[in-house]
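Participant: One letter stands for each residue in the lines below.
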Amino acid sequence: TQLLEQSPQFLSIQEGENLTVYCNSSSVFSSLQWYRQEPGEGPVLLVTVVTGGEVKKLKRLTFQFGDARKDSSLHITAAQPGDTGLYLCARGGVNSGGYQKVTFGIGTKLQVIP
Amino acid sequence: DTEVTQTPKHLVMGMTNKKSLKCEQHMGHRAMYWYKQKAKKPPELMFVYSYEKLSINESVPSRFSPECPNSSLLNLHLHALQPEDSALYLCASSQAASGSLSYEQYFGPGTRLTVT
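Which chain is which? The protein sequence lines are A and B, in order.
Its first residue numbered 1, the first sequence is counted upward by one per residue in the numbering used here.
Its first residue numbered 1001, the second sequence is counted upward by one per residue in the numbering used here.
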């Protein structure tokens, strides 16, 4: 089983603060996705990282893929209440039948307090 | 258009009822997925359809029966469910069912199912 660990699992911060969440695995990712999910809604794809050492920016969000492609981080600058949600990392893999499937990490639940 | 739609938004059903969840996408995606998500947990994969054929069934009980009538539609037929089946049911699609593009999934808003 290719487990994905995310940390922290819960994070409550004040508006304007910076934060970083992490996604780690013991095995190499071919690619990794980050999603954000708001309560009662489906996850929304934020970014895909593919190349070791890659950095992608999406407004105040910065995504980094580790050089060894075993870890990734999401950094949010000057967090806003609209950033509140569940942040999920996900990786692709192959199941026992040879079919590709996505596995999600347990998620980081972020609350930004106004 | 990157929208996946799901109906109904909410569903309450008894254990003897038969109901169906519906999902639709018009992005030309060739893979569609059903996930189940319990509170405070990540989505758990149930089924994958690739080119309208069932390619993955993650050992889901037979009281859940998926159907893919065409490349844009995905249904999940429910019968004789248990209270523990109450959850958010998410549909997703991806451009392909293999290769890196299969990992970028677009989710619908989900159906909140309550089994009484």
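For the record, the hints were derived by calculation from the structure and aren't laboratory data.
Idealized CB from N, CA, C, for every residue including glycine.
You may find that some hints are simply not true.
Unchecked claim - Chain A is nowhere near these chain B residues, computed Cβ spacing over 12 Å in every case: (1) Q1006; (2) K1009; (3) E1044; (4) E1052; (5) I1056; (6) S1062; (7) E1067; (8) N1070; (9) S1071; (10) S1072; (11) P1109; (12) G1110; (13) V1115; (14) T1116.
To be verified - Capping the alpha-carbon separation at 27 Å, the derived lysine-lysine pairs in DSSO-like fashion look like this: (15) B/K1053 <-> A/K101; (16) A/K109 <-> B/K1009; (17) A/K56 <-> A/K70; (18) B/K1041 <-> A/K70; (19) A/K59 <-> B/K1009; (20) A/K109 <-> A/K70; (21) A/K109 <-> B/K1053; (22) B/K1040 <-> A/K101; (23) B/K1009 <-> A/K70; (24) A/K101 <-> B/K1022; (25) B/K1040 <-> B/K1019.
Participant: The structure should be examined with respect to each hint, and the outcome stated for every one.
Facilitator: So, going through the hints one by one against the coordinates:
no.	hint	result
1	Q1006	violated, 8 Å
2	K1009	violated, 9 Å
3	E1044	violated, 8 Å
4	E1052	holds, 15 Å
5	I1056	violated, 5 Å
6	S1062	holds, 19 Å
7	E1067	holds, 19 Å
8	N1070	holds, 21 Å
9	S1071	holds, 18 Å
10	S1072	holds, 17 Å
11	P1109	violated, 5 Å
12	G1110	violated, 5 Å
13	V1115	holds, 18 Å
14	T1116	holds, 19 Å
15	B/K1053 <-> A/K101	holds, 15 Å
16	A/K109 <-> B/K1009	holds, 23 Å
17	A/K56 <-> A/K70	holds, 17 Å
18	B/K1041 <-> A/K70	holds, 22 Å
19	A/K59 <-> B/K1009	violated, 31 Å
20	A/K109 <-> A/K70	holds, 22 Å
21	A/K109 <-> B/K1053	violated, 35 Å
22	B/K1040 <-> A/K101	holds, 21 Å
23	B/K1009 <-> A/K70	violated, 37 Å
24	A/K101 <-> B/K1022	holds, 21 Å
25	B/K1040 <-> B/K1019	holds, 25 Å
Of the numbered hints stated above, those contradicted by the structure are hints 1, 2, 3, 5, 11, 12, 19, 21 and 23, listed in ascending order.
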